[in-house]
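**Student:** Residues per chain, in single letters:
Number of protein chains: 2
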Amino acid sequence: MWSRQLNGVLKNVPKIGSLRTTATAVPGEPKGPNIVTAVPGPASKKLIADLNTINQSGSVQLFADYDKSIGNYLIDVDGNVFLDAFTQISSIPIGYNHPELLKVFHEDHKLKALVNRPALGVYPGKDWPEKLRNVLLSVSPGLPQVMTMMCGSCSNENAYKALFISYRAKERGENVDFSELENTSCMVNKPPGSPNLTLLSFHGAFHGRTMGTLATTHSKAIHKLDVPSLDWPIAHFPRYKYPLEENVRENQAEDQKCLAEVEDLIEKYNKKGTYVAGIVVEPIQSEGGDNEASPEFFQELQRIAKKHRAGLLIDEVQTGAGATGKMWCHEYFNLESPPDIVTFSKKMLTGGFFHTLDMRPKHPYRIFNTWLGDPGKLFLLEAVVKVIKQQNLLEQVQKTGNRLKAGLLDLEKQHSNLLNSTRGRGSFLSVNTTDHGLRDKILEKLKQKGVIAGGCGDHAIRLRPSLVFQEQHADIFLDKFSQVLNDVK
Amino acid sequence: MWSRQLNGVLKNVPKIGSLRTTATAVPGEPKGPNIVTAVPGPASKKLIADLNTINQSGSVQLFADYDKSIGNYLIDVDGNVFLDAFTQISSIPIGYNHPELLKVFHEDHKLKALVNRPALGVYPGKDWPEKLRNVLLSVSPGLPQVMTMMCGSCSNENAYKALFISYRAKERGENVDFSELENTSCMVNKPPGSPNLTLLSFHGAFHGRTMGTLATTHSKAIHKLDVPSLDWPIAHFPRYKYPLEENVRENQAEDQKCLAEVEDLIEKYNKKGTYVAGIVVEPIQSEGGDNEASPEFFQELQRIAKKHRAGLLIDEVQTGAGATGKMWCHEYFNLESPPDIVTFSKKMLTGGFFHTLDMRPKHPYRIFNTWLGDPGKLFLLEAVVKVIKQQNLLEQVQKTGNRLKAGLLDLEKQHSNLLNSTRGRGSFLSVNTTDHGLRDKILEKLKQKGVIAGGCGDHAIRLRPSLVFQEQHADIFLDKFSQVLNDVK
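Each protein sequence line maps, in turn, to chains R and F. Heads up, the first sequence is in our numbering, so the first residue is -5 and it goes up one at a time. Heads up, the second sequence is in our numbering, so the first residue is -5 and it goes up one at a time.
The set of hints was computed from the structure by calculation and includes no laboratory data. Computed from a predicted model, the values in this text were never measured in an experiment. Do not take every clue at face value.
Under 8 Å between C-beta atoms, here's a sample of chain R residues computed to sit facing chain F [claimed, not checked]: (1) L56; (2) L95; (3) G119.
A virtual CB, placed ideally from N, CA and C, is assigned to each residue, including glycine.
Whenever a hint applies, use it, and build me the whole structure from the sequences.
**Tutor:** Below, the structure is given as structure tokens:
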């Protein structure tokens, strides 16, 4: 067992099984993973072959049984029980089949709101403003306005439009109407109506896969190949040396280098008339490899944005909703004012974005589509937010995260030929392996032992457990991880 | 009453109220509209003011009570009862609170599929292939493959990517891998990895509001202003003279002119190296003004697409799911083979697209996102498809549509100074008014009389009733419309 092998900070933690399940766990969880077939098992294999006749399904790993999955445990169609530290690409907030979620639609009013999905921008239901206020704005990172959307890509796409609209409104001047030439030229995709504006993004970023967001995504070639794109500025995002406390000066220099490039690029693009209307950035580059940057980096980034009248959009689609131990990861950065826009989706269950009054278009029908979100998702989120608050889940995430991080650091010390650069906040954690092949091998072996984790970037392992992942789940994960590392070393 | 005023085809139809409610109606509908306040009423006004503190809500018309709304009747928070011939921008398939929809999530398995929303591209639930086959492919317009998505824009965005990917795969040659230069250049948005490909769209088209789809949308300036766009080819879509039977030669010439422009544009764009990978078109341009084109136009468009190796995408987001009296409007066109891609959303409740095997990417993770749809929506669609089939709703739509169209033609004859160009298929119908202001005035007066209809283009009135809109509902609509026309004439 890993607890026998580890020294240091975790020497005195109780053994697996001796921890009582606390109030934050979903009742009815199994005691641990249990693997009864190779993964994928025969039933999954059959279904994968079937699905593959209907569409390109090469990404499917297994078929799950969502009737049986519970809490932090995903159960597949072959009866394999997995501890899930990846949670549907980071999108399950409080575990599978949480009783508070299962009962939401027992309420007739909520079921009807789900079934009669309205065009929220035209005929919303009677409790829509109250739900936006009491559910979404109750967890807003200091921003007074919120729009709901369908998914992460569509949240960013619409937030990008808000950045462009606000930038042009400022250029045009308050209360100045669209010119006739703007009205006609935009209809054929030409300036000045369709202006030569740009957004600055970062190498390694992931903001989505629709064409606007894809122009700001630079994580993997397979996401981008063959799709036409836009000549927009792309700066380098800091790549730190770990452990942070031993590399302070180098990492500060890295911050400065990247920030200088940001400012250079803005000046260069502005000079050629392709003005930078906004900077879009993740608080931790997730798909791109869990790349962190310091609070100072983000503070200075915001100053640069303000100086050049570009909006600052922080994309919290993956980092948001509590995974880092704060509701929003950028709350760690102590920015001098909130960002202009914060986008969300995944664990928030609904897409959308918070924004300043400056980012609110003067005219209706500009940030608009048929559905503009889904009341059914907001009712589910209401239950999630209630559970987060009542059960102090952010505190739980910090406790679990501390345990997990200490364990990862310990394993990194024991296996310095395999692992390095343990990092992250809350239970939003990752560790680098020494190469891509090794990373994939470790993830595969973990899966065969009943633990689902994720990969990101070229050679990182990322953990994205739910907010009800507790210390005892961390111990199980660390134990299995330790077994796999001994196996591959 | 209109039935006393009208001559011709409708002389012998039974009066309102004398028709029995048939099996296709939702039980419990009121007998007709009932307006008790100005619209919006005081309760709606208060909620609009409240919502407006949270986001830009200038598009909101009223607040609805979805607990009380039923069948074809939308009931608002002031107790006003509207006959709904617009159905949430054409997105309610079988009326409000249909009993078959209300019972879907009483089934534990379906409720759990809704609550545990998976990453469908990685860990789908056990019945996912069966549901794709028995629900979606059971209504496919001859296409063997289907992908699910979240909404109309995201369905088109992803379908556009499929067009680009397939075009480049053919250019590159079967089994030829991405070059090193493609892999690196795409990461910074540059060719050859991000190639200079284009899509041809039509003036007046609407395909969505995200950046890729917005580049192919040309319906209203307010949708496009301030958002950067792409230099892609835009051809004219036929604008017919009505009645069609009296303008055959002119309309054929219009087809030829538009088709010649399509071919010219493709040749011009191909010549300058910005190859046209696809043509995207609505079977009836909906937001742009309900502009129809003939089957011959679409047949020839498909031939041009094939000749130039461009994919043909038919966007049935608004026209699909039975509104025209066939499941898919393009089934009226007798194309020599199915289109390469057909996109859907709205009344289908889930977004997505059907496609040929040619449009299926060879590699996984190319048409991909976290959720890739929502099993909960597919369960609702399953109930809708069952009701459509069991109750022969396509036949009902044709019957209702015949009644509505005959009535509109009659009113057009009586009010030729106000109305012209009645057109459409099934109950997907529209009529032009003589100008924009008149159109808006008529829609407003209809609303104050308890009928919700929609506007589209500059001066068209469009009807988008649900599939359970019956002859008696048509009669109520025509009666109110007649009253309004007498009022404004």
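**Student:** Now look at each hint and say whether the structure bears it out.
**Tutor:** Evaluation of the provided hints:
1. L56: holds, 6 Å
2. L95: holds, 5 Å
3. G119: This hint holds: G119 of chain R lies near chain F, its Cβ roughly 5 Å from the closest one there, short of 8 Å.
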